[in-house]
Amino acid sequence: MMTYIVFILSVIFVIGFVGFSSKPSPIYGGLVLIVSGGVGCGIIMNFGGSFLGLMVFLIYLGGMLVVFGYTTAMATEQYPEVWVSNATVMGVFLLGLLMEVMLVLYVLKSEEVGVVFKFSSVGDWAIYDIGNSGVFSEEIMGVAALYRYGAWVVVVTGWSLLVGVLVILEVTRGD
Amino acid sequence: MNPLILTIILMTVFLGTMIVMASSHWLMIWIGFEMNLLAIIPILMKKYSPRAMEASTKYFLTQATASMLLMMAIIINLMHSGQWTITKVFNPTASIIMTLALAMKLGLTPFHFWVPEVTQGISLTSGLILLTWQKLAPMSILYQISPSINLNILLTMAVLSILVGGWGGLNQTQLRKIMAYSSIAHMGWMTAILVYNPTLTMLNMLIYIMMTLTMFMLFIHSSSTTTLSLSHTWNKAPLITTLILITLLSMGGLPPLSGFMPKWMIIQELTKNSSIILPTLMAIMALLNLYFYTRLTYSTSLTMFPSTNNMKMKWQFETKQITLLPPLIIASSLLLPLTPMLSILD
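In the order they appear, the protein sequences are chains A and B. Per numbering that gives the first Met the number 0, the first sequence starts with residue 0, numbered consecutively. Per numbering that gives the first Met the number 0, the second sequence starts with residue 0, numbered consecutively.
Among the hints, a few may not be true.
Said to hold, decoys possible - Derived CB-CB ranges, DEER-like:
(1) 20(B) to 144(A): 23 to 31 Å
(2) 63(A) to 286(B): 52 to 60 Å
(3) 170(A) to 116(B): 18 to 26 Å
(4) 142(A) to 20(B): 23 to 31 Å
(5) 116(B) to 6(A): 47 to 55 Å
(6) 144(A) to 272(B): 45 to 53 Å
(7) 96(A) to 112(B): 36 to 44 Å
(8) 71(B) to 141(A): 19 to 27 Å
What the hints assert, rightly or not - Examples of chain B residues toward chain A, derived with CB under 7 Å:
(9) 11
(10) 34
(11) 37
Because the hints were derived from the structure by calculation, they are not lab data. Quantities reported herein were computed from a predicted structural model and do not represent experimental measurements. For each residue, glycine too, the CB sits at the ideal point set by N, CA and C.
Assemble the whole structure, with the sequences as input and the hints as a guide.
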């Protein structure tokens with residue numbers, strides 16, 4: 000099973016996406032997003048990107064999704080929609096599930112993953128392996144470089160985020 | 000709006016355009032465009048009416064789509080050249096996508112549909128910023144990638160823009176829509192000469208900004224947004240009618256005024272490059288623009304429109320102060336004798 004772990008994780012990933020794309024209430028969408036985020040993190044870690052996976056958990060799930068969950072909880076209705084609540088959501092979910100199952104069967108039958116991943120003239124650009132220096136991790140060095148050589152980028156993006164918050168508050172103030 | 004917030008947001012609009020114009024890394028340019036877009040949304044929504052909300056939403060959607068196309072072109076360029084500098088776009092696909100993305104940002108045909116609707120839904124001051132400042136950033140990027148732009152696509156879009164800008168403005172009585180169609184046509188003139196001589200694009204941009212600034216200032220002074228209310232300016236401030244006449248004729252490209260300079264130079268450059276039918280067509284289609292400008296001058300300064308008697312005797316309230324109007328008037332009408340100075344540019 001370990002040889003197919005990436006494949007299994009990516010199937011769970013896609014099923015998660017189907018789960019929230021069929022548009023139940025946002026609370027359930029956030030729930031499925033947690034599962035998808037964790038599983039996606041597992042996929043990245045299988046390719047050696049342990050730092051990136053940690054960032055996904057900390058920043059994405061632990062920061063952004065928490066804030067999203069709180070705001071949705073403030074704005075939610077009394078009986079939120081579940082996947083089985085009306086025919087539309089159920090139908091879309093089942094359709095997506097069916098398409099995923101058929102794709103999985105096709106890939107397993109034809110013994111090639113080429114139909115799913117087609118990086119034709121890019122070569123090995125898709126998988127950026129961690130360099131084998133062995134002494135220190137390049138990813139942490141990248142973060143350090145961001146704050147030294149890329150100081151202007153940090154200033155600009157930080158300012159953009161601040162102005163983004165101001166703009167959102169200004170737009171939703173309404174009068 | 001809270002003055003502090005307004006200052007911060009205007010500063011961010013300025014900073015976004017400056018980042019676009021001064022960066023050599025494609026990612027920073029994209030960040031500059033996004034910062035500009037983000038910060039101009041509350042300026043467009045100053046009025047808090049559903050019309051302004053709809054206009055800001057349309058502007059946001061089109062500009063965000065254009066930014067996404069630009070990002071895709073940047074990544075294709077990165078894939079084929081391996082570097083992020085802005086000197087030359089190495090792949091024809093990336094160049095075409097980038098040209099289309101920047102045309103969407105400028106409002107060239109066939110991506111011109113948002114310009115009249117957005118300009119109409121917002122206040123005159125916001126429309127001023129939209130039609131002048133927001134054109135600087137995409138035009139600067141077009142200037143920098145001009146050696147690698149596909150000529151056919153750009154010339155097609157330019158000629159169609161001049162056509163649409165002329166024909167679309169013919170049936171309009173709303174002044175903001177007239178200015179929007181005039182902007183589409185002028186962008187067409189600017190991008191037509193971009194591949195042959197980018198300096199003239201910048202010259203045309205400069206003169207266009209002066210003239211549009213002047214027109215908007217005059218409209219703001221008389222608080223008029225329709226042709227009918229503009230036709231009452233002879234009562235409020237008779238001098239404004241003369242200035243409107245001069246500036247509108249300059250926008251139409253009539254010879255003794257400075258609006259003639261970019262058109263003349265562009266036609267000269269195009270004929271130097273052995274294309275004769277194209278500048279002839281462009282000059283003929285500029286007549287459509289001239290027609291609705293002269294129609295505006297007819298109703299404003301040349302005749303006194305029929306109006307009820309109480310419109311003929313208006314109270315004089317406190318007049319608004321127009322920023323920098325005298326230099327703008329001179330810049331938009333009397334610069335033609337300075338044309339030989341263009342020889343100092345390369």
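Exercise. Any hints this thing doesn't respect? Which numbers, in order?
Worked result: No numbers; nothing is violated.
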